[in-house]
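Keeping their order, the protein sequence lines are chains U and H. Here the first sequence stands for residues 15 to 130, where the numbers follow the numbering used here. Here the second sequence stands for residues 5 to 118, where the numbers follow the numbering used here.
Please keep in mind that the hints were generated in silico from the structure rather than gathered at the bench. Please note that a few of the clues may not be correct.
Taking lysine-lysine and the DSS-like style, the derived pairs with C-alpha atoms no more than 25 Å apart in a straight line are [as the list claims (entries may be wrong)]:
id : chain 1 : residue 1 : chain 2 : residue 2
1  : U       : 50        : U       : 32
2  : H       : 46        : U       : 54
3  : U       : 50        : H       : 46
4  : U       : 33        : H       : 46
5  : H       : 46        : U       : 55
6  : H       : 75        : U       : 55
7  : H       : 60        : H       : 72
Remember, predicted model here, so these are calculated numbers, not experimental data.
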Amino acid sequence: ETGVTQTPRHLVMGMTNKKSLKCEQHLGHNAMYWYKQSAKKPLELMFVYSLEERVENNSVPSRFSPECPNSSHLFLHLHTLQPEDSALYLCASSQGGLASAYNEQFFGPGTRLTVL
Amino acid sequence: GESVGLHLPTLSVQEGDNSIINCAYSNSASDYFIWYKQESGKGPQFIIDIRSNMDKRQGQRVTVLLNKTVKHLSLQIAATQPGDSAVYFCAEDRGGTGRRALTFGSGTRLQVQP
Numbered sequence: 015e016t017g018v019t020q021t022p023r024h025l026v027m028g029m030t031n032k033k034s035l036k037c038e039q040h041l042g043h044n045a046m047y048w049y050k051q052s053a054k055k056p057l058e059l060m061f062v063y064s065l066e067e068r069v070e071n072n073s074v075p076s077r078f079s080p081e082c083p084n085s086s087h088l089f090l091h092l093h094t095l096q097p098e099d100s101a102l103y104l105c106a107s108s109q110g111g112l113a114s115a116y117n118e119q120f121f122g123p124g125t126r127l128t129v130l
Numbered sequence: 005g006e007s008v009g010l011h012l013p014t015l016s017v018q019e020g021d022n023s024i025i026n027c028a029y030s031n032s033a034s035d036y037f038i039w040y041k042q043e044s045g046k047g048p049q050f051i052i053d054i055r056s057n058m059d060k061r062q063g064q065r066v067t068v069l070l071n072k073t074v075k076h077l078s079l080q081i082a083a084t085q086p087g088d089s090a091v092y093f094c095a096e097d098r099g100g101t102g103r104r105a106l107t108f109g110s111g112t113r114l115q116v117q118p
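Looking at chain H on its own, in the form it has when it is part of the complex (with noise of 0.2 Å):
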């Protein structure tokens, strides 16, 4: 499942640091917004959602950031563990009456160096 031979920005860090993968998104009309993480041989898997309500999320171990004003996402995790290493999507919800549909990122890897 994973994007093989995409140039994804690879983010490495060690086990038991904290990471941080950030996510620009395009349409200040988005008003809803998903973590995603895909291991490999396997679909995307949520990890946390925020509203644009909100500014800030705490899960299990990872907290999403949302700054409106720069269109810009961030999820957070604690303490890396090596289970933690996938790429990770951002995807917003374009908002609106009518159609809506997510439009996802092009990911960021995460490697988790034990």
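Pulled out of the complex, with its shape left as it was, chain U reads as follows (with noise of 0.2 Å):
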């Protein structure tokens, strides 16, 4: 594949469960970032690692805990969510970190998840 990948697509979970989302980029950046897009709100940062290392977190609650294994992966785990968190959880990358400027980021698809 190619690009930013994300699974799933699709997630339906209760509010006492536990999920991870899961991306993966195939671009040989060194950034990745979780966005949250929610249907009333723009696009929002949510995390930001940069070669491996967690460098920005946007206030975020600590139901939303983000792992980077390596400079391809990155996971978003999930866990007492409530059903505000209902949203696009969009992951995506960048060659540079967050002192590169001009930094493009690639998106994927998204994960649409939605909490009962």
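Put the two chains together into one complex, using the hints given.
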């Protein structure tokens, strides 16, 4: 596969469940991002990893836990979510990290999450 | 992948007409801007970018104009086609040293009438 892939594409979970979202980039990039896209807000940056080190955490609740085992993979672990966490979760990658200028980000297709 | 439920401004154009989508950005220090297109069921897709040392940049059927004086960005699509129907986002790189990141606008929905 090419580009940025995400699995699963759709996920329905209860508030007591634990699940994980997976993102993989095949572009040789050094930085990866998690965004939340909900119905009533613009894209919200959640986490950024640059060279596998978390460099950004935008006041995201602890029920969201990211993991970046290597530069190609990014996970978002979910536990005890709330219905208001239902949204499209997008992963992106870029060649440079946050200190790099002109840093185009490439997005995956997203995971549509519904919390019941 | 669409922002379902978000009350996006909508631009409706006839097939073959030119489209102009506008975006106001907030940070005068932003030095890099990107336009993304998001079709239903997909993630945002890069269309074109522009650096702050330029006023205009052209791609295939698309042109981005940057007016730094009024902090305004526009995307022009020539000869709009049904496949151009999507939500369009502008993003600004807040610039500076150290941590840089993209900030996205809320988007404009483009509807192309056949």
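A quick look at each hint next to the structure:
no., hint, result
1, U:50 / U:32, "18 Å, holds"
2, H:46 / U:54, "18 Å, holds"
3, U:50 / H:46, "14 Å, holds"
4, U:33 / H:46, "22 Å, holds"
5, H:46 / U:55, "17 Å, holds"
6, H:75 / U:55, "21 Å, holds"
7, H:60 / H:72, "11 Å, holds"
Checked against the numbered hints above, the structure breaks none of them.
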